[in-house]
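Asker: Taken in sequence, the protein lines are chains A and B.
Be aware that the first sequence starts at 4, since it is given in my numbering, and climbs by one per residue.
Be aware that the second sequence starts at 4, since it is given in my numbering, and climbs by one per residue.
FYI, nobody ran anything at the bench for these hints, they're computed from the structure.
Keep in mind that a hint or two might mislead.
No copy labels: a pair is met if it fits in one copy or bridges any two.
Stated by the list, open to error - In silico DMTMM-like cross-links for lysine to aspartate or glutamate, where the CA-CA straight-line distance does not exceed 20 Å:
| # | residue 1 | residue 2 |
| --- | --- | --- |
| 1 | Lys157 | Glu212 |
| 2 | Lys129 | Glu152 |
| 3 | Lys38 | Asp83 |
| 4 | Lys38 | Glu230 |
| 5 | Lys16 | Glu54 |
| 6 | Lys38 | Glu212 |
| 7 | Lys157 | Asp41 |
| 8 | Lys90 | Glu182 |
| 9 | Lys157 | Glu182 |
| 10 | Lys157 | Asp89 |
| 11 | Lys157 | Glu230 |
| 12 | Lys129 | Glu36 |
2 protein chains.
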Amino acid sequence: MNVLIVHAHPEPKSFTAALRDQAVNTLQAQGHEVKVSDLYAMNWNPVASAEDFTFRENPDYLVYALEQRLGVKNQSIAADIRQELDKLLWADLLILNFPIFWFSAPAMLKGWIDRVLVSGVCYGGKRFYDQGGLSGKKALVTVTLGGREHMFGKGAIHGPLEDMLRPILRGTLAYVGFEVLEPFVAWHVPYISAEARGEFLSAYQQRLEGLANDQPLVFARLAQFDEALYPL
Amino acid sequence: MNVLIVHAHPEPKSFTAALRDQAVNTLQAQGHEVKVSDLYAMNWNPVASAEDFTFRENPDYLVYALEQRLGVKNQSIAADIRQELDKLLWADLLILNFPIFWFSAPAMLKGWIDRVLVSGVCYGGKRFYDQGGLSGKKALVTVTLGGREHMFGKGAIHGPLEDMLRPILRGTLAYVGFEVLEPFVAWHVPYISAEARGEFLSAYQQRLEGLANDQPLVFARLAQFDEALYPL
Numbered sequence: 004m005n006v007l008i009v010h011a012h013p014e015p016k017s018f019t020a021a022l023r024d025q026a027v028n029t030l031q032a033q034g035h036e037v038k039v040s041d042l043y044a045m046n047w048n049p050v051a052s053a054e055d056f057t058f059r060e061n062p063d064y065l066v067y068a069l070e071q072r073l074g075v076k077n078q079s080i081a082a083d084i085r086q087e088l089d090k091l092l093w094a095d096l097l098i099l100n101f102p103i104f105w106f107s108a109p110a111m112l113k114g115w116i117d118r119v120l121v122s123g124v125c126y127g128g129k130r131f132y133d134q135g136g137l138s139g140k141k142a143l144v145t146v147t148l149g150g151r152e153h154m155f156g157k158g159a160i161h162g163p164l165e166d167m168l169r170p171i172l173r174g175t176l177a178y179v180g181f182e183v184l185e186p187f188v189a190w191h192v193p194y195i196s197a198e199a200r201g202e203f204l205s206a207y208q209q210r211l212e213g214l215a216n217d218q219p220l221v222f223a224r225l226a227q228f229d230e231a232l233y234p235l
Numbered sequence: 004m005n006v007l008i009v010h011a012h013p014e015p016k017s018f019t020a021a022l023r024d025q026a027v028n029t030l031q032a033q034g035h036e037v038k039v040s041d042l043y044a045m046n047w048n049p050v051a052s053a054e055d056f057t058f059r060e061n062p063d064y065l066v067y068a069l070e071q072r073l074g075v076k077n078q079s080i081a082a083d084i085r086q087e088l089d090k091l092l093w094a095d096l097l098i099l100n101f102p103i104f105w106f107s108a109p110a111m112l113k114g115w116i117d118r119v120l121v122s123g124v125c126y127g128g129k130r131f132y133d134q135g136g137l138s139g140k141k142a143l144v145t146v147t148l149g150g151r152e153h154m155f156g157k158g159a160i161h162g163p164l165e166d167m168l169r170p171i172l173r174g175t176l177a178y179v180g181f182e183v184l185e186p187f188v189a190w191h192v193p194y195i196s197a198e199a200r201g202e203f204l205s206a207y208q209q210r211l212e213g214l215a216n217d218q219p220l221v222f223a224r225l226a227q228f229d230e231a232l233y234p235l
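When you get a sec, could you build the whole thing from the sequences and use the hints?
Answerer: Pasting the structure below:
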């Protein structure tokens with residue numbers, strides 16, 4: 004497999020970075036090829052804007068998705084986007100590796116999603132969910148957070164973590180066609196011992212080694228809806 | 004009321020900007036004081052990083068929330084964050100005004116959330132949800148999107164929009180104590196007529212004029228959980 008790890012954490016020595024390194028080592032040891040986009044180290048620009056296009060179909064009014072579609076075709080899309088898009092298209096497995104900020108991704112990573120998942124390639128028209136442009140690829144979300152496991156789930160104070168991650172799991176990854184695997188979660192990270200962190204690293208290694216057998220999460224399929232996208 | 008509108012759209016002439024202007028005009032006509040943070044126009048920096056602190060408690064290892072807490076106390080937090088935080092504390096009503104990008108906020112706005120909702124002021128320890136640092140204030144999310152209304156809701160292809168917005172409505176705004184009002188949604192915006200857009204603007208004016216009577220959404224309350232945050 005070709006694996007792209009997109010990593011976003013403001014502290015280079017973070018435990019989230021240790022998970023990234025664990026993934027690199029484990030996957031390489033299995034013979035996979037791994038690329039890492041370390042967004043903070045790359046000084047990634049997370050802001051989707053008119054500056055993402057050297058030529059614009061409509062210079063007077065920006066419709067970002069429309070300019071993306073044309074920009075990829077005409078090679079007028081920003082070089083940093085093109086490079087990330089090429090890595091994404093190369094990958095069989097995408098791993099998003101980040102600390103939970105406000106029950107979602109840091110802006111740095113959100114801006115990778117906003118800019119790199121370009122219309123016309125990753126989705127467009129009726130090409131979304133199981134018909135999405137990236138169908139056939141797998142995605143794994145690996146997160147660290149401060150909360151404890153019992154604070155999440157049905158009836159828990161924050162509700163199920165997968166509900167909080169819905170815009171990423173369903174609205175982003177499943178939307179563009181990925182088979183989305185169950186997230187890997189390291190709980191309570193700022194407060195736990197080195198030993199407990201080591202246990203998360205071991206559990207992550209095991210998870211990655213068995214990834215081929217993972218059953219993806221289940222989301223909407225286009226065949227369940229009519230032409231106008233009303234449920235059948 | 005003091006009202007802060009945080010607006011994030013890459014196109015200055017967008018319909019989302021028209022909604023912003025409608026809010027400014029309607030609220031001012033009612034005698035409220037309104038401030039606008041136009042994040043693209045301000046060239047806002049959305050990236051939470053070590054550079055947000057002129058002095059650090061721990062220069063060797065960044066724990067962002069911890070440095071926020073100390074940075075506000077010691078006045079060593081970045082000036083742009085301090086300015087936005089002052090506006091936020093001044094406001095009785097916060098309006099987040101944005102186009103849906105990937106079923107959530109553009110990175111530009113996510114980075115306002117990441118950087119401005121500082122630990123120690125907006126939340127911290129047991130001060131969250133109804134006990135959050137911003138309790139007593141109201142928040143309204145006003146969004147534009149490409150999808151049609153029938154694509155959202157129970158059984159619809161994308162599920163309920165409020166489920167997709169959960170990390171913002173519940174995980175962010177309710178978390179820091181806001182009374183969160185039902186979002187105002189303008190559907191299918193890139194594809195509709197000027198007349199249909201005008202109808203959304205009128206509906207928004209009416210909504211804002213009656214805002215005082217709005218019932219907030221219901222979320223978890225700390226009294227429903229024990230000291231360790233297990234449900235009672």
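Asker: The structure should be examined with respect to each hint, and the outcome stated for every one.
Answerer: Status of the hints after comparison with the structure:
1. Taking identical chains as interchangeable, the C-alpha atoms of Lys157 and Glu212 are never at most 20 Å apart, the minima being 29 Å within one chain and 37 Å between chains.
2. In the homo-oligomer, the alpha carbons of Lys129 and Glu152 lie at most 20 Å apart only across protomers (17 Å), although the nearest pairing inside one protomer, at 38 Å, exceeds that limit.
3. Within a single copy, Lys38 and Asp83 get their C-alpha atoms as close as 15 Å, which meets the 20 Å cut-off; across copies the closest is 35 Å, which misses it.
4. When the C-alpha separation of Lys38 and Glu230 is checked against a cutoff of 20 Å, the pair qualifies neither within a copy, at 39 Å, nor between copies, at 44 Å.
5. Taking the shortest Cα distances, Lys16 and Glu54 sit within 20 Å of each other only across copies (16 Å), while inside one copy they are farther apart (32 Å).
6. For the identical chains of this complex, Lys38 and Glu212 are intra-copy neighbours only, at 17 Å inside a copy versus 53 Å across copies, given an alpha-carbon limit of 20 Å.
7. Proximity of Lys157 and Asp41 under a CA criterion of 20 Å is satisfied in neither setting, with 34 Å inside one chain copy and 38 Å between copies.
8. Taking the shortest alpha-carbon separations for Lys90 and Glu182, only the intra-copy value of 18 Å comes in at or below 20 Å, while the best inter-copy value is 42 Å.
9. Proximity of Lys157 and Glu182 under a CA criterion of 20 Å is satisfied in neither setting, with 24 Å inside one chain copy and 23 Å between copies.
10. Taking the shortest Cα distances, Lys157 and Asp89 never come within 20 Å of each other, neither inside one copy (39 Å) nor across copies (36 Å).
11. Taking CA atoms no more than 20 Å apart as the test, Lys157 paired with Glu230 passes between copies only; the shortest distance there is 19 Å, against 35 Å inside one copy.
12. Taking CA atoms no more than 20 Å apart as the test, Lys129 paired with Glu36 passes in neither setting, with 32 Å inside one copy and 45 Å between copies.
Comparing the model with each numbered hint stated earlier shows that hints 1, 4, 7, 9, 10, 12 do not hold.
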